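All chains should be built: construct the whole structure from the sequences, respecting the hints.
With the first letter of the sequence shown counted as 1, position 197 gets the number 196 in numbering that gives the first Met the number 0; the numbers rise by one all the way through.
These are calculated hints, taken from the structure and not from any lab test.
Please read these numbers as outputs of a predicted model, since none were measured by experiment.
All C-beta atoms, glycine included, are put in the ideal place defined by N, C-alpha and C.
Mixed in with the good hints, there may be bad ones.
[Said to hold, decoys possible] Quick list of simulated restraints, FRET-style, between CB atoms:
| hint | residue 1 | residue 2 | range |
| --- | --- | --- | --- |
| 1 | 220 | 20 | 18 to 24 Å |
| 2 | 145 | 64 | 34 to 40 Å |
| 3 | 26 | 261 | 25 to 31 Å |
| 4 | 100 | 20 | 16 to 22 Å |
| 5 | 81 | 216 | 17 to 23 Å |
| 6 | 20 | 264 | 30 to 36 Å |
| 7 | 229 | 88 | 35 to 41 Å |
| 8 | 63 | 116 | 33 to 39 Å |
| 9 | 133 | 99 | 28 to 34 Å |
| 10 | 19 | 264 | 31 to 37 Å |
| 11 | 145 | 262 | 30 to 36 Å |
| 12 | 99 | 18 | 20 to 26 Å |
| 13 | 53 | 113 | 24 to 30 Å |
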Amino acid sequence: MFEFDGEPECSPQVFQVRGNNKQTVFTCKFGFRHSRNLTRLNTASKQTWRERKGWSITIHDLSGSPVAMATIITPFVPSPGSKRVSKSSPGAWLIFRPDGYIMKPWGRLEAWRESGFSDVLGYRFHLFQDDFATEISSSCSIRTKLGGSFVIDGTVAAADTNTAASLTLSDGSCDLSSSRLSAGSLKTHSGCGSDFGFLLPQAQENLGFVMSTRVEGVEKQSRPKVEVGEKYVKCVEDAAAHVALAAAVDLSMDACRLFSHKIRKELR
Numbered sequence: 000m001f002e003f004d005g006e007p008e009c010s011p012q013v014f015q016v017r018g019n020n021k022q023t024v025f026t027c028k029f030g031f032r033h034s035r036n037l038t039r040l041n042t043a044s045k046q047t048w049r050e051r052k053g054w055s056i057t058i059h060d061l062s063g064s065p066v067a068m069a070t071i072i073t074p075f076v077p078s079p080g081s082k083r084v085s086k087s088s089p090g091a092w093l094i095f096r097p098d099g100y101i102m103k104p105w106g107r108l109e110a111w112r113e114s115g116f117s118d119v120l121g122y123r124f125h126l127f128q129d130d131f132a133t134e135i136s137s138s139c140s141i142r143t144k145l146g147g148s149f150v151i152d153g154t155v156a157a158a159d160t161n162t163a164a165s166l167t168l169s170d171g172s173c174d175l176s177s178s179r180l181s182a183g184s185l186k187t188h189s190g191c192g193s194d195f196g197f198l199l200p201q202a203q204e205n206l207g208f209v210m211s212t213r214v215e216g217v218e219k220q221s222r223p224k225v226e227v228g229e230k231y232v233k234c235v236e237d238a239a240a241h242v243a244l245a246a247a248v249d250l251s252m253d254a255c256r257l258f259s260h261k262i263r264k265e266l267r
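Shown next as structure tokens:
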């Protein structure tokens with residue numbers, strides 16, 4: 000289990016939680032680039048909409064080396080004639096992890112707000128294999144007011160997300176403080192020994208539990224909790240990539256807020 004000690008946009012530390020013990024294993028650095036406002040004139044009043052883009056969060060190990068990063072690559076903007084990010088034009092994040100001396104794309108997360116009066120967010124995750132993106136089955140039930148869980152679990156793909164979360168949020172048994180999992184150990188040409196990135200699309204039902212993250216609603220202080228399947232954590236970079244994905248899931252809660260609402264000052 001990994002737990003942020005604050006909201007991702009506040010550049011928190013990340014703990015590994017084992018029973019009643021917490022140990023710092025990562026630090027986060029949030030950043031964003033200012034962008035030009037998009038302005039639209041309504042018949043009744045002037046309505047200003049902002050592009051939500053330029054956000055990034057970098058995960059560092061305790062030596063200060065970057066071991067994962069998430070950054071917005073497709074801006075979160077309202078669909079024409081509405082105030083919401085739609086499924087037909089979602090915002091998107093790229094998740095990066097080291098491959099030798101460079102960062103390479105590991106995954107792509109898309110997020111949007113479901114249509115109608117719903118406050119539920121939709122997510123879609125693609126995993127990069129040999130520079131090709133493969134959609135990985137995931138499930139979520141995240142309401143902007145109440146929060147919820149994002150889960151990648153091949154064994155419960157059709158099950159209720161809340162049930163999946165209750166089954167998978169445990170203490171875990173993988174210790175990142177172990178020298179066996181120190182940064183740079185178990186290196187391969189892909190940067191690590193996890194086999195998640197080498198699974199063929201038709202083998203998704205054999206994924207088993209991969210990861211889950213729990214986030215709070217946008218009006219609450221969110222300290223995401225992340226659980227990663229033990230077989231998918233063979234080095235620090237493996238864990239960091241899933242932590243970066245969890246941060247992107249959490250930040251998408253704000254990115255998908257209705258554009259008639261202001262977002263928190265740390266993101267403006």
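_Hints numbered earlier in the text: which of these fail when held up against the supplied structure?_
4, 8, 9, 11, 12
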